[in-house]
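Asks: Quick mapping for you: the protein sequence lines, in order, are chains A and B. When the count follows our numbering, it moves up by one through the first sequence with no breaks and lands on 320 for the last residue. When the count follows our numbering, it moves up by one through the second sequence with no breaks and lands on 260 for the last residue.
Bear in mind the hints are in silico, worked out from the structure with no lab data behind them. One or more of the hints may lead you astray.
Claimed, not checked - Covered stretches of chain B (chain A as the covering partner; in silico rule of three or more C-beta atoms under 8 Å from a C-beta of chain A):
id: 1; stretch: -2 to 12
id: 2; stretch: 64 to 78
id: 3; stretch: 157 to 167
id: 4; stretch: 208 to 221
Unchecked claim - Examples of chain A residues lying across from chain B (beta carbon under 10 Å, computed):
id: 5; residue: W132
id: 6; residue: L136
id: 7; residue: V140
id: 8; residue: Y154
id: 9; residue: F237
id: 10; residue: P238
id: 11; residue: I241
id: 12; residue: P243
id: 13; residue: V245
id: 14; residue: M249
id: 15; residue: H278
Idealized CB from N, CA, C, for every residue including glycine.
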Amino acid sequence: MLHPVVTLIAQRLALGILLLWAASVLIFVGTQILPGDVAQSILGQSATPTSLANLRQELGLNEPALTRYLSWLGNALQGDLGVALTNKQDIAQAMSKRLGNTLFLAFCAALISVPSAIILGLIAVRYQGRWPDKLISGVTLATVSVPEFLLAYILTFFLAVKLRLLVSLSTIHDSMSLGDKLYAIALPVLVLVLVVLGHMMRMTRAAILNVMQSPYIETAELKGLRPFWIIARHAFPNAIAPVVNVVMLNMAYLIVGVVVVEVVFVYPGMGQYLVDHVSKRDVPVVQACGLVFAAIYIGLNLLADVISILSNPRLRHPK
Amino acid sequence: MSRIPLSALIGLFFTGLYFMGAIFAPWLAPYGMAEIVGDTWEPWSAKHLLGTDTIGRDLLSRMIWGGQTTIFVATAATALSFITGSILGFTAAVSGGWIDQALSRFVDLIMSIPALIFALVVLSVMPVTLPILILVMGLLDATRVFRLSRAVAVDINVMDYVEAARLRGEGTAWIIFREILPNALSPLVAEMGLRFIFMVLFISTLSFLGLGVQPPLADWGGIVKENREGIIYGIPAALVPAFAIATLAISVNLVADWVLNRTSSLKGGRNV
Chain A
2 MLHPVVTLIA QRLALGILLL WAASVLIFVG TQILPGDVAQ SILGQSATPT SLANLRQELG
62 LNEPALTRYL SWLGNALQGD LGVALTNKQD IAQAMSKRLG NTLFLAFCAA LISVPSAIIL
122 GLIAVRYQGR WPDKLISGVT LATVSVPEFL LAYILTFFLA VKLRLLVSLS TIHDSMSLGD
182 KLYAIALPVL VLVLVVLGHM MRMTRAAILN VMQSPYIETA ELKGLRPFWI IARHAFPNAI
242 APVVNVVMLN MAYLIVGVVV VEVVFVYPGM GQYLVDHVSK RDVPVVQACG LVFAAIYIGL
302 NLLADVISIL SNPRLRHPK
Chain B
-11 MSRIPLSALI GLFFTGLYFM GAIFAPWLAP YGMAEIVGDT WEPWSAKHLL GTDTIGRDLL
49 SRMIWGGQTT IFVATAATAL SFITGSILGF TAAVSGGWID QALSRFVDLI MSIPALIFAL
109 VVLSVMPVTL PILILVMGLL DATRVFRLSR AVAVDINVMD YVEAARLRGE GTAWIIFREI
169 LPNALSPLVA EMGLRFIFMV LFISTLSFLG LGVQPPLADW GGIVKENREG IIYGIPAALV
229 PAFAIATLAI SVNLVADWVL NRTSSLKGGR NV
């Protein structure tokens, strides 16, 4: 018989694939729910019948929706995302470099925000109800209340314009060294860190506080262990599952935050690509980007599930 | 209800202030919404309290008119999201069986795609008008309300008084509106504050991306977009909406926190 953890994880994976498939249907349907059709809405009311017919032909709108969906999905599975309407470029090719850039940005933000969120969370629990806790909670509440693009402009105004510490445009290209690239993306990374740090820290704090009420924590206290040691050695390991969940949810959130932050800092990533093509009503690009974003989002949520299953000793060592 | 904490009072005061500003915008705004009254990016002065914007419109007037649009769209979308989400959520909880399964799995599906991304996908083929924006934002957000109201209603649904109503022979509609709704109202009201903030941020983000409220209509996100170039020259016009959005979000948060605390203590929760 298979180990129960293997079965559980296999179930989650299957569910994830099912969800991704359903999301692809949803994204496809989402661009088809208009009265009239896509060609009409791209060209607007002033379209001539000939140009409409041409565009319909080009988009394959004369085929039934199901046929179009199946061929779109079939091609996407083989890595062929079609060509952009506006400039006839291959979408997969245009996207791959931008996706790399976006992941680079998100990775740098994660590298800073995850450890600092956990450490700040631990500190807040250690000094619960005293000034360090209140200070951390207050500052993070403020950063959570401000949308990404405003935080981005506030930081730009002070750090790039007033103090001239960082640059306000994050254009990067291949010929730059890693150091130059990191300097160029310092501001967007900082914004993303601040955006997710608040959520992550607050939820880490809540997860650890929850564990702190267990009897074994009381035992550790009565043994005379140092408070920070109790939190780090006894409370934190038991809070890993919820904390990992929180971290993954925030990484997924980062993917959305990236869209806006990229537009602010003119960073050549997926988000800018998507937003540009939404305003140009370039449906194939939008569908492709939507699919990629959904895949990353679902993948991260799946990863969170799998890690929390693996971190549960009761599941790893069944009776 | 004996004593309202100071934080909630501050929250109530500023929330009220913003809503008043939105309602009475035509009388409060010193200049018209699209009226060009001065030079580009004039500094703060007695004539133009917040200076002028990128093409010489009075920024204070733009902010007041913009607040009206932002708050109106956010309120309408929140209302839509609550009406749809809570009715469907209660229905799912009360009916159970395949209706519950179908609705819950469908909501899981919608929530598996980030709301902003899904909104962008839909808006890429929709004409971007206020009703469409409200519809898209409200329906996308209804999924969150659905989850909450279903969870709350499932708990209430097993109470004796609901059982009693069923045995009396009341229909589903009666049970939803007369038994469950009154008892689920407090957590929903607290959640409404959070959803409203989320809507303000959502519409501002969309407008900032150029896919929300379209010019010449003003809204806070759009004002940031219009004045973003000024930032590089050290002109803080784009930060004014930032301040407005942040203070509105924080004050609504304070009120929502208070409502939530009050209801959890009513339910016998611990007051730490």
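Asks: Each hint should be assessed against the structure and marked as holding or not.
Replies: Hint check results:
Counting residues of the stretch -2 to 12 of chain B whose beta-carbon sits less than 8 Å from any beta-carbon of chain A gives 0, not enough to reach three: the coverage restraint is violated. Figure legend: the stretch 64 to 78 of chain B, annotated as covered by chain A; annotation inconsistent (0 residues with Cβ-Cβ distances under 8 Å, at least 3 required). Here the stretch 157 to 167 of chain B counts 0 residues with a CB under 8 Å from a CB of chain A, which misses the bar of 3, and the coverage is violated. Evaluation of the coverage hint for the stretch 208 to 221 of chain B: fulfilled, as 6 residues show C-beta separations to chain A shorter than 8 Å, against a requirement of three.
A cut of 10 Å between beta carbons decides the hint on W132 of chain A: the least distance to chain B is about 17 Å, and the hint is violated. For L136 of chain A, the shortest C-beta to C-beta distance to chain B is roughly 16 Å, which exceeds 10 Å, and the interface hint is violated. For V140 of chain A, the interface hint is violated, the least distance from its beta-carbon to any beta-carbon of chain B being 12 Å, above 10 Å. For Y154 of chain A, the shortest C-beta to C-beta distance to chain B is roughly 5 Å, which falls under 10 Å, so the interface hint holds.
The closest approach between the C-beta of F237 of chain A and any C-beta of chain B is roughly 21 Å, which is over the 10 Å cut-off, so the hint fails. A hinted interface residue such as P238 of chain A counts as satisfied when its beta carbon comes closer than 10 Å to some beta carbon of chain B; here the least separation is about 25 Å, so the hint is violated. Taking 10 Å as the C-beta contact cut-off toward chain B, the hint placing I241 of chain A at the interface is violated, the least distance being around 24 Å. For P243 of chain A, the suggested interface contact is broken, since its CB lies about 18 Å from the closest CB of chain B, more than 10 Å.
A cut of 10 Å between beta carbons decides the hint on V245 of chain A: the least distance to chain B is about 19 Å, and the hint is violated. Evaluation of the M249 of chain A hint against chain B yields a violated restraint, the C-beta minimum of about 14 Å exceeding 10 Å. Annotation: interface hint on H278 of chain A holds; nearest CB of chain B at approximately 7 Å, less than 10 Å.
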